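Engineer: With the hints as extra help, turn the sequences into a complete structure.
Respectively, the protein sequence lines represent chains A and B. Mapping the first sequence onto the working numbering, position 108 (from 1) lands on 601, and the numbers just tick up by one. Mapping the second sequence onto the working numbering, position 18 (from 1) lands on 174, and the numbers just tick up by one.
Keep in mind the hints are simulated off the structure, nothing from the lab. Here the structure is a predicted model, which means the values were calculated and not measured. Note that the Cβ used here is the ideal one computed from N, Cα and C, for glycine as well. Be a bit skeptical, because a hint or two may be false.
As the list claims (entries may be wrong) - If you only want the chain B side, here are some residues facing chain A, beta carbon under 10 Å, derived:
| hint | residue |
| --- | --- |
| 1 | Gly170 |
| 2 | Gly187 |
| 3 | Phe272 |
| 4 | Trp276 |
| 5 | Ile283 |
| 6 | Leu312 |
| 7 | Trp314 |
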Amino acid sequence: MASTDEVVDTARESDPRRRPFGPVAAVFIAAGVGSVVLGILTTAAEASKSFADALQWFDRVGPLSGKTLVAVAVFFIAWGVLHAMWRDKDPAPGRIFLWSWILLAVGVLLTFPIFFQMFAPD
Amino acid sequence: MNLSSREFWGIVHGMGLGALYLLAFAGAFAGLWSLRSRLLTNEGVNERMPRLKAGLAIMAVVAWLTVITGTWIVYPWYRAGATDVCERTAVADVPEECGAKWDLLADSNTAEWHDFAMEWKEHVAWIVPLFATAVAAAVIYLGRDLLTRGDVRRQLIWFLVASFGLAAIAGLFGALITKNAPVV
Numbered sequence: 494m495a496s497t498d499e500v501v502d503t504a505r506e507s508d509p510r511r512r513p514f515g516p517v518a519a520v521f522i523a524a525g526v527g528s529v530v531l532g533i534l535t536t537a538a539e540a541s542k543s544f545a546d547a548l549q550w551f552d553r554v555g556p557l558s559g560k561t562l563v564a565v566a567v568f569f570i571a572w573g574v575l576h577a578m579w580r581d582k583d584p585a586p587g588r589i590f591l592w593s594w595i596l597l598a599v600g601v602l603l604t605f606p607i608f609f610q611m612f613a614p615d
Numbered sequence: 157m158n159l160s161s162r163e164f165w166g167i168v169h170g171m172g173l174g175a176l177y178l179l180a181f182a183g184a185f186a187g188l189w190s191l192r193s194r195l196l197t198n199e200g201v202n203e204r205m206p207r208l209k210a211g212l213a214i215m216a217v218v219a220w221l222t223v224i225t226g227t228w229i230v231y232p233w234y235r236a237g238a239t240d241v242c243e244r245t246a247v248a249d250v251p252e253e254c255g256a257k258w259d260l261l262a263d264s265n266t267a268e269w270h271d272f273a274m275e276w277k278e279h280v281a282w283i284v285p286l287f288a289t290a291v292a293a294a295v296i297y298l299g300r301d302l303l304t305r306g307d308v309r310r311q312l313i314w315f316l317v318a319s320f321g322l323a324a325i326a327g328l329f330g331a332l333i334t335k336n337a338p339v340v
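Structural biologist: Now the structure itself:
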């Protein structure tokens with residue numbers, strides 16, 4: 494029995510007008526990567542005061558300024574790079590969405606206070 | 157009766173932009189849910205597709221504006237003040253120039269509103285515009301292809317629901333934190 498991805502790929506072969514999935518894959522993977530980067534920075538800033546200080550790019554906002562600006566920059570750069578790489582490619586949507594869910598879940602976990610506060614120094 | 161600058165921006169951030177995103181979710185969800193070839197005529201698709209694309213694009217912009225105003229305008233007032241000046245064990249002792257954060261931390265009954273609720277809200281809210289942008293970009297790019305790509309359409313709905321859920325957490329905590337210690 495064919496998997497969903499195989500069915501989709503067959504559908505693309507039978508309908509060449511259908512747009513390749515690469516650009517969609519690029520933005521979803523980029524969003525997932527941005528989420529994970531935000532989570533890593535959040536947890537690392539909790540674990541290290543000096544790292545948190547390094548992320549304090551604007552005093553009024555505190556370390557959140559560096560965390561969010563880096564995560565957003567990573568999202569847009571990753572989107573641009575992946576889009577350039579995959580614009581004509583047609584990766585299996587099922588696999589791309591699975592990775593996007595995994596990255597989203599990791600990002601949410603790393604930004605969850607009960608998790609990242611476990612790394613706070615005593 | 158007048159609004160301070162802080163109250164004004166608090167309303168713009170939470171009751172304006174944040175609430176708009178949450179309310180728009182229902183329309184976007186219904187639009188994506190019913191985007192099936194067996195339910196729509198060709199005319200129907202032509203009529204609703206531009207609206208769905210525009211709606212999701214506006215939602216993504218609103219999500220960005222919500223987190224930008226929250227982090228860069230309202231949050232500095234919330235966290236204002238240095239630890240050595242503002243850290244107190246009684247709310248009445250917190251100096252006036254210190255932000256709402258210090259009022260919450262001064263009372264053990266409200267400290268969790270900062271330590272858990274605000275700590276989660278201020279971070280997880282930034283994931284919302286990332287995935288709202290991804291969903292909007294996918295619908296704008298794929299357009300009518302979604303009529304025959306049920307697997308992709310269903311996943312876009314689930315990601316829209318996920319971003320709505322995270323926005324709802326941030327919005328709910330924002331309202332409850334403001335109720336306990338308003339930024340004024």
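Engineer: Now look at each hint and say whether the structure bears it out.
Structural biologist: Comparing the hints with the structure gives:
Taken as an interface hint, glycine 170 of chain B does not check out: its beta carbon lies about 17 Å from the nearest beta carbon of chain A, beyond 10 Å. Against a cut-off of 10 Å between C-beta atoms, the interface hint on glycine 187 of chain B is violated, since the closest Cβ of chain A lies about 18 Å away. For phenylalanine 272 of chain B, the interface hint holds, the least distance from its beta-carbon to any beta-carbon of chain A being 5 Å, beneath 10 Å. Below 10 Å, beta-carbon pairs count as interface contacts, and tryptophan 276 of chain B has one with chain A at about 5 Å; its hint therefore holds.
Checking isoleucine 283 of chain B against chain A by beta carbon gives a least distance of about 5 Å; that is within 10 Å, so the hint holds. Interface hint status for leucine 312 of chain B: upheld, as the beta-carbon distance to the closest one in chain A is roughly 9 Å, under 10 Å. A hinted interface residue such as tryptophan 314 of chain B counts as satisfied when its beta carbon comes closer than 10 Å to some beta carbon of chain A; here the least separation is about 8 Å, so the hint holds.
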